[in-house]
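**Student:** Chains A and B, in that order, give the protein sequences.
Going by the working numbering, the first residue of the first sequence is number 1, and it counts up by one from there.
Going by the working numbering, the first residue of the second sequence is number 1, and it counts up by one from there.
None of these hints come from the bench; they were simulated from the model.
Hints are supplied without guarantee of correctness; some may be wrong.
[Unchecked claim] Estimated spans, in silico, between C-beta atoms of each pair:
id	chain 1	residue 1	chain 2	residue 2	range
1	B	THR570	A	GLY191	57 to 63 Å
2	B	THR556	A	ARG247	55 to 61 Å
3	B	GLY562	A	ARG463	28 to 34 Å
4	B	GLY646	A	ALA391	38 to 44 Å
5	A	THR392	B	THR556	45 to 51 Å
6	B	GLU532	A	ASP179	36 to 42 Å
7	A	GLU454	B	ARG586	42 to 48 Å
8	B	THR262	A	LYS138	53 to 59 Å
We put the beta carbon where it would ideally sit given N, CA and C, even for glycine.
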Amino acid sequence: MDLAAVGRTMADVNDGPLIVQSDKTLLLEVDHDQAEACRRAIAPFAELERAPEHVHTYRLTPLGLWNARAAGHDAEQVVDTLMTYSRYPVPHAMLVDVAETMARYGRLRLETHPVHGLVLHSSDRPVLEEVLRSKRVKPLVGNRVDEDTVLVHASERGNLKQALVKLGWPAEDLAGYVDGEAHAIDLDEDGWTLRPYQREAAEGFWHGGSGVVVLPCGAGKTLVGAAAMARAQSTTLILVTNTVAARQWRDELIKRTSLTEDEIGEYSGSKKEIRPVTIATYQVMTTRRKGAYSHLEVFEARDWGLVVYDEVHLLPAPIFRMTANLQARRRLGLTATLVREDGREDDVFTLIGPKRYDAPWKEIENQGYIAPADCVEVRVTLSEGERLTYATAEADERYRLASSTEVKTRVVEQLVKRHAGDPTLIIGQYIDQLDELGERLGVPVVKGETPVRERQRLFDAFRTGEISTLVVSKVANFSIDLPEASIAVQVSGTFGSRQEEAQRLGRILRPKADGRTARFYSVVARDTIDQEYAQHRQRFLAEQGYSYHIADAEDILYGEGIP
Amino acid sequence: MTRTKSGPRSLADDLRARTDEELAELLRIRPDLVVPVPVDIAQLASRAATRASAIRALDRLDRFTLSVVDALVMLPDPTSPKAVRELLDAPKGAVNAALSTLRERALTWGSPQTIHLVRVVAEIIGPHPAGLGPPAHQLFLGLPPARLATIVADLGLAVSGDHATNAETAAAHLGSNETLEPLLEDVGADALSALQALAEGPPTGRVEDARREVDREGARTPIDRLLATGLLVPVDHTSVVLPREVGLHLRGGVLNASAGVTSMEPATTARDPGMVDRAAAASAFDVVTKVETLLDTWSLQPPPVLRAGGLAVRDFRRLPGLLDTDEPGAALIAELAYISGLVALSSGDDETWTPTPEYDAWLRESVADRWIVLARAWIETSRTAGLVGTRDDRDKLVPPLGGEIDRPLTPEIRRIVLDVLAGLPPGTAVDPEGAVEAVRWRRPRRGGRLRDDVVRWTLREAEILGVTGRGALGAQMRSLLDDDPEAARSLLADLLPEPLDHLLLQADLTAVVPGPLQSDLARELNLLSEVESRGGASVHRFTENSIRRALDAGRTADDIHGFLSSVSRTPVPQPLTYLVDDVARRHGLLRVGAASSFIRSDDQAVLTEILAAPQASALGLRRLAPTVLISTLDGVTVLERLRRMGFAPTPENADGSVVIARAEPKRTFGRPVPRPTLADRPVPTAAVLNAAVRALRAGDRSSSVRPADVVPGNLGRSASTQTLTDLRRALEDGTTIWIGYVDHHGSTSERVVDPVSLEGGWLAAFDHRSSEIRSFAVHRISGVATVDA
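One chain only, chain A, in its complex shape (with noise of 0.2 Å):
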């Protein structure tokens, strides 16, 4: 393309709500008049990073380009986009980087061949021939049909493209995708209606064929699976973290859809049922047998049309690798905090698909749909006696003393007397400390070895207003649905995990019925590793704009502070 004939249209836009750095990433001033406008316009190609009060952080990608490549945006759109609504000049080299960023999509196609099936196609040789001497390509393809065109081992389509992504020339994958076997499923909108951005992700999910839809915790990912089954019309798999939240799924597509219980199949620990919509949990699945993956046949089990994988980022490395086999199918993958601290974010999109729709929790939250929450922060300081201990304590132990200092148990009983009668959960990762705030406090405990009858009854009870306070391990973190959760204590977590600390503020975002601001304490000790944990645990929800107050445990303590 010609960038010259893009910088001639170019009006004088010398205020615009975005500034382009060169290093890629994207500032857009979000009090700015046309943020709105500029946000739409970037979403295609340019990945949100950070979303802070003022100022949003977007980042040019290579995957980004490409995957608005494959959504039909090309070059000169997204040149375009960048210096209208641009404050200063756009760096000359970053527009030349883009165009050959995205002119390298495409180059070559994955094609259902008439005669010999799964192709590699390429309309630009050196290109095939480059990719075929890497070593990472070769024993994924067969022969050679012609010149231009080589063979794919079917059930390599998904490894295939992983690969040729990491060499920088993705494929656009043309082979389609299998219908699977028809199965009726139909919302059922009675006194309920999909919210907008809930339909325009099942949307965004089907016109892409498969992909990642990220949404805050407690927006309701469960009715974007729906809405997308709806779509499909045909049988599903869906894969959950566990049982408790495979129960829920059942619940929810029963109440919210066509389905019947006899539909719906669980495949877990205890039960092993292939229905026409299945739903597996990631447990299971990993489950070993004589060092052998007995379950994962469970994706041969029929010909499904979809695939779904709740909270996708914590997709196990088998289900990986059985993922890259199922290319052919449609893939959905329901996230809220697209962070892996494994770092492999990216094999998720190469191999579930590229991130479809996604929004900002602090969006969701001013249209009502999730809970507004106060994050406060509570600082304990050690007793003089602990921190001596702390001082000496080997460094594999020092977290642990710090996080379950027994001041935090006294702010904790603090905390729980001054929301007398909300709904509370307090949230740890070890379980005597746990234990000992049960039994301080009165209350029962929920952690892993509690067996699922007793942690169903309990969580009712919860939700019915029979106990207003429950004490929960990290087995709570996901897809447990608490709605009238309003506070939430954490006193400690798995060392600095960002996306543990959204899932847990998760649980209390529902809408409350009486629109209340839900409430997340964090009560970190002071001056420990336990606080240099809690600053990264917070980096992603500050980066989604929660921001956190700071109280000492003092004013808690002494009934002052905080409102």
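Knowing the structure of chain A, use the given hints to seat chain B on it.
**Tutor:** Below, chain B alone, put in the same frame as chain A:
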């Protein structure tokens, strides 16, 4: 010779007849003629006709003018514009313009119709003007007479007994189209294509046994046939040359068919001039910021200067990261700072690259002014930043700021490139290779590959520097090239974003400055935070480390709070306030200091007593804790003094136990006895004593003993073997000699000395002037002469 009576008879004559303006113009174009100012016109003419000066003048001619020079070299002297025109087959206007250019530069002289070429020009152009060989006549004269006679015979001409006549006959045969054409038709396709290749130039080719005896009858190969007919003439055993007449004929009678009258226009792209100016201004802003970033960094940590000059590779490699650019970009930034006088070698023993006071003055200027300083320095500098990172002759990486990148060619070529750009309409971007071609046309004799590289570097640097935007010259630069910095300043200032006085603080501990920040604020912000992203705006992150750095730099928590709330338009987020307070609370909690010894005692009263004693002030004491004093004096001294003050201290060793102080006789290991070195400690041998006595006398007669052929400062420089022989003989004979000695400052002196020893390149000798034994480096001894006592 057809010379009009009124025409000048020499270059001097011609120059004499020129007007003052014309002479002034000549001196302007050829400034080397004025240094020093010639005494008269004759001297001016002879200087203009020197080889060095003429080369300099030719080097600055464009390709067409040079082909006119070629034509003049080939044509008989004097010649007319018409003859030149015909030979070149070029339009009259262009030829006349070129001719007047040459006359202006005093490369030709004469009247408009009789043009003389300054003789040295032909010598400079060499035997192959325009890639054509020497004239046939000249070549034939050089052949053996028998060989030439065979050629004349083979051409079917009458052979004369006279070599010169034969040469003329054969040359005339080749010189006429009527006779040459049938000859060429006859040689065959292979031979003809060989001739065609030579006709394009260069005209010489390699042939085995070029001097072989051939005739037309016995010719077996195409080359044989060509040699037999004189279409190729051997110049030595292995090479042949195409006679000029034949080459010219094969070119269609035109000297250089491919040489255009004007330069090829480089391919261009039209861009919106407004956008070009804005893009250039953005780069200008960027480059100013980068120079500032670099020098602020170097203010704190000046990098050392390599022994050979320049910046160490290690220090250079850090720059791209620091400046968010690539290596060529970083080299340019560093060079800009240097050539603008903003950074220089520090004085002192360890030389470093340190910002100069000019830098502080520069910082106070507006961005536009600062850019003008950089841009002007860049236009003029001969330092060639593009060479940085290439390898020199010894395969060493060329460092920035070093002495190796000075190229006199660079400013000249750079200026031409800028002129090419300035000659295009506003908003026109030029294709780099087209620009290379255009400059090559303008200066075909200058620089070769370096010239082409300099063109590319200039375009690249211009883009970084904001001289161009998107490849086209910015309006601000046009003004600067027109020597109107005022206009450049105001144009640029209008385009630059107004520096901001505020920033946006966010709860995720970042600060965003949505544009350039006022530089004093930027400096403070850089101290307080780490930069995460640069460009039109900048993103900064506050971390524990960055806050600590500010505290270390002497800021207090209150200073930081004050600064943040003054520059933020929104309330300072609470997490940031806490971060500052947290770090400040722990800052300085541990103190580190130096002490040489300590005094401790469980009895606090004793320590108080020591402190109160009048002698205590001499001990440099400070009380660290109730039971500990520290002293700046070492333990032994403190012990001693305390004892004198009447206390009874015991020394303590590193593990805290008391040292039993019992004086033990100390011993050390045996070591070799130091040997006396001659230079340090003279051994008064008999010879020396003898010499000393003679020296006393020598003082009196020093002027009279100088050998006849030796005058002060003129002791002949003998070859070093000779020097050695002389010294050795003097040593053996015990004679007194004169030596000429060049000291390490390069000044020469004469000494009267009595040699004592000679080894390892050093002469030890009794110096009569200073009356002591001295060492003289033999290689510095410029001459030796005997003093006849």
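**Student:** Please flag the earlier hints that this structure goes against, numbers listed from lowest up.
**Tutor:** Going through the list in order, the structure violates hints 1, 3, 5, 6 and respects the others.
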